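Protein chains: 8
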Amino acid sequence: MDTYKLLEQVKNGELSIAEAEEQLKKLPYEDIGCAKIDHHRSLRSGFGEVIYSAGKTVEQMRAIYRSFYERRENVMGTRASRDQYLALSQEFPEIEYDETARILGLYFNRPRQTGCVAVCTGGTSDIPVAEEAAQTAEYFGCRVNRIYDVGVAGIHRLISKLDDIRGANCVIAVAGMEGALPGVVAGLVERPVIAVPTSIGYGANFQGIAPLLTMLNSCAEGIATVNIDNGFGAGYLAAQMNRLAGSKS
Amino acid sequence: MDTYKLLEQVKNGELSIAEAEEQLKKLPYEDIGCAKIDHHRSLRSGFGEVIYSAGKTVEQMRAIYRSFYERRENVMGTRASRDQYLALSQEFPEIEYDETARILGLYFNRPRQTGCVAVCTGGTSDIPVAEEAAQTAEYFGCRVNRIYDVGVAGIHRLISKLDDIRGANCVIAVAGMEGALPGVVAGLVERPVIAVPTSIGYGANFQGIAPLLTMLNSCAEGIATVNIDNGFGAGYLAAQMNRLAGSKS
Amino acid sequence: MDTYKLLEQVKNGELSIAEAEEQLKKLPYEDIGCAKIDHHRSLRSGFGEVIYSAGKTVEQMRAIYRSFYERRENVMGTRASRDQYLALSQEFPEIEYDETARILGLYFNRPRQTGCVAVCTGGTSDIPVAEEAAQTAEYFGCRVNRIYDVGVAGIHRLISKLDDIRGANCVIAVAGMEGALPGVVAGLVERPVIAVPTSIGYGANFQGIAPLLTMLNSCAEGIATVNIDNGFGAGYLAAQMNRLAGSKS
Amino acid sequence: MDTYKLLEQVKNGELSIAEAEEQLKKLPYEDIGCAKIDHHRSLRSGFGEVIYSAGKTVEQMRAIYRSFYERRENVMGTRASRDQYLALSQEFPEIEYDETARILGLYFNRPRQTGCVAVCTGGTSDIPVAEEAAQTAEYFGCRVNRIYDVGVAGIHRLISKLDDIRGANCVIAVAGMEGALPGVVAGLVERPVIAVPTSIGYGANFQGIAPLLTMLNSCAEGIATVNIDNGFGAGYLAAQMNRLAGSKS
Amino acid sequence: MDTYKLLEQVKNGELSIAEAEEQLKKLPYEDIGCAKIDHHRSLRSGFGEVIYSAGKTVEQMRAIYRSFYERRENVMGTRASRDQYLALSQEFPEIEYDETARILGLYFNRPRQTGCVAVCTGGTSDIPVAEEAAQTAEYFGCRVNRIYDVGVAGIHRLISKLDDIRGANCVIAVAGMEGALPGVVAGLVERPVIAVPTSIGYGANFQGIAPLLTMLNSCAEGIATVNIDNGFGAGYLAAQMNRLAGSKS
Amino acid sequence: MDTYKLLEQVKNGELSIAEAEEQLKKLPYEDIGCAKIDHHRSLRSGFGEVIYSAGKTVEQMRAIYRSFYERRENVMGTRASRDQYLALSQEFPEIEYDETARILGLYFNRPRQTGCVAVCTGGTSDIPVAEEAAQTAEYFGCRVNRIYDVGVAGIHRLISKLDDIRGANCVIAVAGMEGALPGVVAGLVERPVIAVPTSIGYGANFQGIAPLLTMLNSCAEGIATVNIDNGFGAGYLAAQMNRLAGSKS
Amino acid sequence: MDTYKLLEQVKNGELSIAEAEEQLKKLPYEDIGCAKIDHHRSLRSGFGEVIYSAGKTVEQMRAIYRSFYERRENVMGTRASRDQYLALSQEFPEIEYDETARILGLYFNRPRQTGCVAVCTGGTSDIPVAEEAAQTAEYFGCRVNRIYDVGVAGIHRLISKLDDIRGANCVIAVAGMEGALPGVVAGLVERPVIAVPTSIGYGANFQGIAPLLTMLNSCAEGIATVNIDNGFGAGYLAAQMNRLAGSKS
Amino acid sequence: MDTYKLLEQVKNGELSIAEAEEQLKKLPYEDIGCAKIDHHRSLRSGFGEVIYSAGKTVEQMRAIYRSFYERRENVMGTRASRDQYLALSQEFPEIEYDETARILGLYFNRPRQTGCVAVCTGGTSDIPVAEEAAQTAEYFGCRVNRIYDVGVAGIHRLISKLDDIRGANCVIAVAGMEGALPGVVAGLVERPVIAVPTSIGYGANFQGIAPLLTMLNSCAEGIATVNIDNGFGAGYLAAQMNRLAGSKS
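Residue numbers (the UniProt record's numbering), protein chains in the order written: chain A, 1 to 249; chain B, 1 to 249; chain C, 1 to 249; chain D, 1 to 249; chain E, 1 to 249; chain F, 1 to 249; chain G, 1 to 249; chain H, 1 to 249.
FYI, nobody ran anything at the bench for these hints, they're computed from the structure.
Covered stretches of chain A (in silico footprint by chain G; criterion: 3 or more residues with CB under 8 Å from a CB of chain G, positions within the stretch not fixed): (1) 54–67; (2) 198–212; (3) 228–236.
Bear in mind that the values here come from a model prediction, so they are computed numbers and not experimental data.
Beta carbons: idealized from backbone N, C-alpha and C, even for Gly.
Only chain A is shown next, with the shape it has when bound in the complex:
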């Protein structure tokens, strides 16, 4: 995409046209057949890539992880199954698997964790999604403060934890059922609140549509919503926000 730099190099004779064209085509990713893998992020930031593992065959996962393994780059798979873990752990013994968060990671260099992201849940059943968010934020260099089971049906639990929540650069609020937590949190803190609806519930919950709508319609200001159960997306966003605040620390 960096056309200007390429033009400049071509102009300066530092790069032939053919080379420039090749670069444009080959540089951004490695084509391993079933997938085109980005190694950009790792080069730029040292953080490494993330692979959405659901629906990928063991063969595809193995090819993708091998590409990172050979480069000694971090890679973290979300929505990974225990079967994928077991299959890959034979080839990559250093691989780690968190059963709650369903995260399958190869970590060659762990980032220093700075700033602060608060991760709250409405209930106990929301913890897996919250852990996906928390561990993603940690993978991208955030310090994380976990505050679980503080749903609004018993609002004193939330209020007793307000200081912790207010201390973060941003808050991830994870909730299923009616999903009212993010709205109440946003009314109590001044930082951006990333709302994550979960599919926890039954009946007119519709696998997370109810909390999704609650969050999108919240009267409270400062709420950003991500897809149902999308802990990864919330963690990634939180890391971006945490980084925005970075120069302060």
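Model the placement of chains B, C, D, E, F, G and H on the given structure of chain A, informed by the hints.
Same frame as chain A, now just chains B, C, D, E, F, G and H:
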């Protein structure tokens, strides 16, 4: 429906078969062509009847109100338009119209208001539905405590009113947007909370579906939900509950 | 939440600021890591707590039940699986499991059952949800009258049971398929009717949406609706209403 | 479509190929540009055609009615507006318009009305759809018995009319709100019940989806459902059923 | 429900009040605990009852079938599983099970099959629903003509069978995918067409919503729609229509 | 986008870096503030651009049309209102407006119309969408054959026009209500069928969702669906297909 | 359908009426009981038929394949399971099964592959649907260029493949998640783009509704959408378009 | 909410209990009857409050604005109508109204604008929502860079503006129709992207549901979604993020 009493009267010769059959067919309602009007409630309880006025022509409304007018029975029309009011006020000068609640009433004897029903709203725009609920509850003999604009986005407003809310036999919580008010209220009081979603909002609110789902999915215990904008239904239910508690006052 | 009492105690020197703050934070619940457990209700009312068991791991369930077990407080788990029962029964041999209602209970003192709540179903397949409602109401001290399989497709079955239904302080009407039962019942009794849609049906039933909409839109007055299959919510609400009527008995 | 007869006539030399082809193309309808008009029904049955008028311009309506007018064939327009009526009444002074049913008719020979179709409504607001059904059935030769405002919220009104309903060859049950009427009727009569949901209601009624689902999911046997507000379709179906029973009278 | 006859008998002294009341309560059904069984139909018509078997436990099924077995009344279970069949066949060796239609029948006297009902399907995969319809119609005394796999994507198949279809008193048209079959059939025959959407399809079919909507919106006249996959409902309705036409044969 | 050519020109010294960058930024469109206008198509193909006019203010429309007017390039506005036409006709007297298709055109050179596209409708009310499609195809150089009101409820009308339909390179089938036309057409012709659902209908039509689903689920092979009422999209696609076939003529 | 030819043959005495009628009824398909099989396509084009295998029993599949096997005609089953393959491979050892595309084929003569169809996917998980499309297009005589994992989240991957995509007669763009690929592709190429939403995703993806809506609403011109996961439909359409362009190669 | 400070003041005798309680109840807001107005933000940050004006009567608006006017605090009304503006401008002549953004402002002190927020739109019709976002961000102290009409259907327009977009602390991407813009932007920049779906579109757009789903399901990382047409929410969030980055500038 009282088949046993009829059987008994027929057995005792107090009623001929023909008479019994007539009673069974004619007693329960008055047939005025376009409608079959119940005069039961008025006879039993002294409270009077309620007419859903939306979609009724002025001619139909006039015929129905005349039937009550002649009997000197109370009648209250919900969802009544200003046009219906203007048309009927010529024939029934005593008729009263509340523009906010859209209630069109002929009141011949006003019930004593006892007990207590609290009516809360999340925002200012929810007041019309709340007034329909409050005035319905008053029509059926409840004392009502109105607590408006206490939405959860600024939860201190709600908490500052908790004593008032806890003092009621039951609470009607009216909210649009994300509709989180009833759930938070139910977590703070021990009485039944009647949740009324309103169609206030936009976008993914879907004319009240978002708060309806929020209320149906609430984690808090003790929430009963009625249809979107159904202030009348909430007021009626509250009156039933208030009456259950009646012997206490 | 009881800020006034705390302020008073601080003012009177009965409580130091540090103590008050501690109380505010620790009193309302016990934090066992994955969950924050309320012991309020048991202290106040002697009834005990209810745990929504679906989606909780065996380890989480065990930790939660242990907390109540050690206090000899009642606890009732709804949506509990047979597997959860088998796992917990080893540590808590007194535990009881009702397979139909899917209720997993530790009962140290059983409440006296007073008043009356009628629980009706449209069909035989609605019984599990009805039992969750009935047993919840009993857990909270109600006498329950079960009247099953009285759906409106054969309305004589319902009418033959009217005396029983009219004798209750409130009625729980459980129905799947088209869910017309609560509306017809509400037209025949003067008490609040708690409508519970079930997910029984197929095709355009949409796992309970059809009866849910039927109940929300009922023309009959005095109907409060809860979430699809939410027997617990209905039973809890019924207990609240039954208690409102309590001083009469 | 009658290929066999054509083949036979061609075989017998009664028809040339060119003629046969012409017949096949031209016979079934008259092409007036914007529409292709069937004159079949009128020829076969003497009943005449029906035109869905909504969304047709005055010019299109005029061209269509002229085609029938010139042949002295009956034509009935459903969903016709008062404007369409006023515009057409200038050219066709015999034209009749029913404002409630929104039917615009040119009747050159009225069919004898035989058999019996019962048309019931749940409420007063359902009458326009019911009249579309009733007048359609009459147009196709049925005797119609109108039984309005017998909704299930006050079931004694329905029961007092049972004899009338049971006397019909089939029943059209029209209902908005929760739409429970057809199910209850079908439980009380042995004849086919044609269920017509109306868009009367608000909130979670969703312009008739709620009663539509109620009717599709009814536990009662013998219910056929048509589209929301489709009085015409119900009346047509009823006429077909009434005709099936025809030889009895 | 037959209040008049009861009143008459009480009047004439043929029935004591107590007896009448008993009759009113007990006659219409047999209460076996989990269900209230109607034996009406069998008494009146000789056809026997139908049990919706899905979601019933083996114990419930056994109790229900025993009630019919002892009376030597026909009973037909729809949506019955092979497991239910195997369990019941031990107690009732005469029981028959049709795997395709999932019908579990105890037939003590088979009705004579008269008249004619045509059952068409769009595809091969719609046959199970079509068989439920066809066997239901046969159970209630109809002669059935099966015409399968005549979907509109290859309309010549349908047209080649038109004579068969036109010979029936009414047509059951079963179709999944886009569900266009009933509309095309109704445009080609003069008899009522009962449209049965099936859940066959994928993606934007939404388990039968697509064909359901197609059928409800059909431009063709004379279409009655039943719930998705509701072969039983279609068969029952067809039997009612076939009976209306009965005096002709 | 043509990065290769730019790179080559830079390499050859035909273009300075600054110029290349400028070109990359300015060439592809003209920025008039509220919009960024493409003049590509006109330059390449001589056909001219299309403007979606709905929701644009008169000022915005005027600025956009002026840009084309000054270049003497064709421009066609879809979904244009009569008010937009009246306002623009003052500045651009050559402007033409088709009220049915709602197309507002400035035509400086009209393309020769070749090949053949058939445009069919199910009913008369579908004509506006069909005209948008037909006139779009003509704008892009297609000869169009209009075949209106051939819906499947009277399938003989469609069959009598088969030769015309089969003569086209592709078929646009426009239908509201149940939308079965494209499926039946696709079963009868070998060419691609572009299915256009319209919002004509009522009730469970849901403003065109019913025919949209019908078309997406069609069993017939060779159907491509566009958005509800998207006549323009269908016409554009048809022109692309017609062009593919172009070398044949 | 070819009525004219039949009429001519009958006229000329080349065919008796009885024979003509027979032909009309029997020619178009072979009736094997559970299905009516078309052998048309094979006769006309040499390509062979396609069978939608989902929901067909092994017995039905076997009967259908035998019909083609005996005629030595190609047949390709889509949505075929491994179980169906294993069962049929015993009787037809030449049968081939592609596990990714789930295609079960009997190929007696393979068509020459000409022209070019590009098949792109947004991600790796979309490959099964893409392969169904690609192999269908190949079955009907297209040369296919596969370009996988070029989703718009990393748009440089797509741009680096533009030459390949632009070289095709039409493009099949397969995407799940948000489904933005077809719109971006259509903005970059001049050929028709067939958009295939897949059910890959979670939460508010709703099993493919999200990408389906994205594709239907695309601002880019020249997009035709097929049903969710309908690789076959896309491949068939692409083959039709490729054939339109056929005379050029 | 600041219970600790209050406790401390009570402890120190600086505040009596009665005073503390009063403060707790009165401090946080001003109760003007129909509304409870927060003056918090103005006190804390100097930015002032925002009023959602839709659905408020002129009387309510006037009372609310007067409260701010008297305090000389900024207040900004979103979704304000021209009628509200005209009515209020009589009492508050300094009031300003932006017709495009529908913002009604009383500005007593304008904040310095720092940092940078980029606001992009897909099309011209999205500008009103984008302006609500941009002016909200400016109200809360952000410098805003507007980049309109850069939708993905012509992706060169977007790419030519990449430098501008990459220069911001965060990006607001506003899009209707299929809503693909935020996903493509997020793939090209490293900052958080706030996605705003608009209700611009027709048919299967469903008033903004299509772009909402697109944004929630985006494969690109770093996207936060707000409600349909919620420009205010996006602007507020952007200001929060811009402030996080504040110490850098």
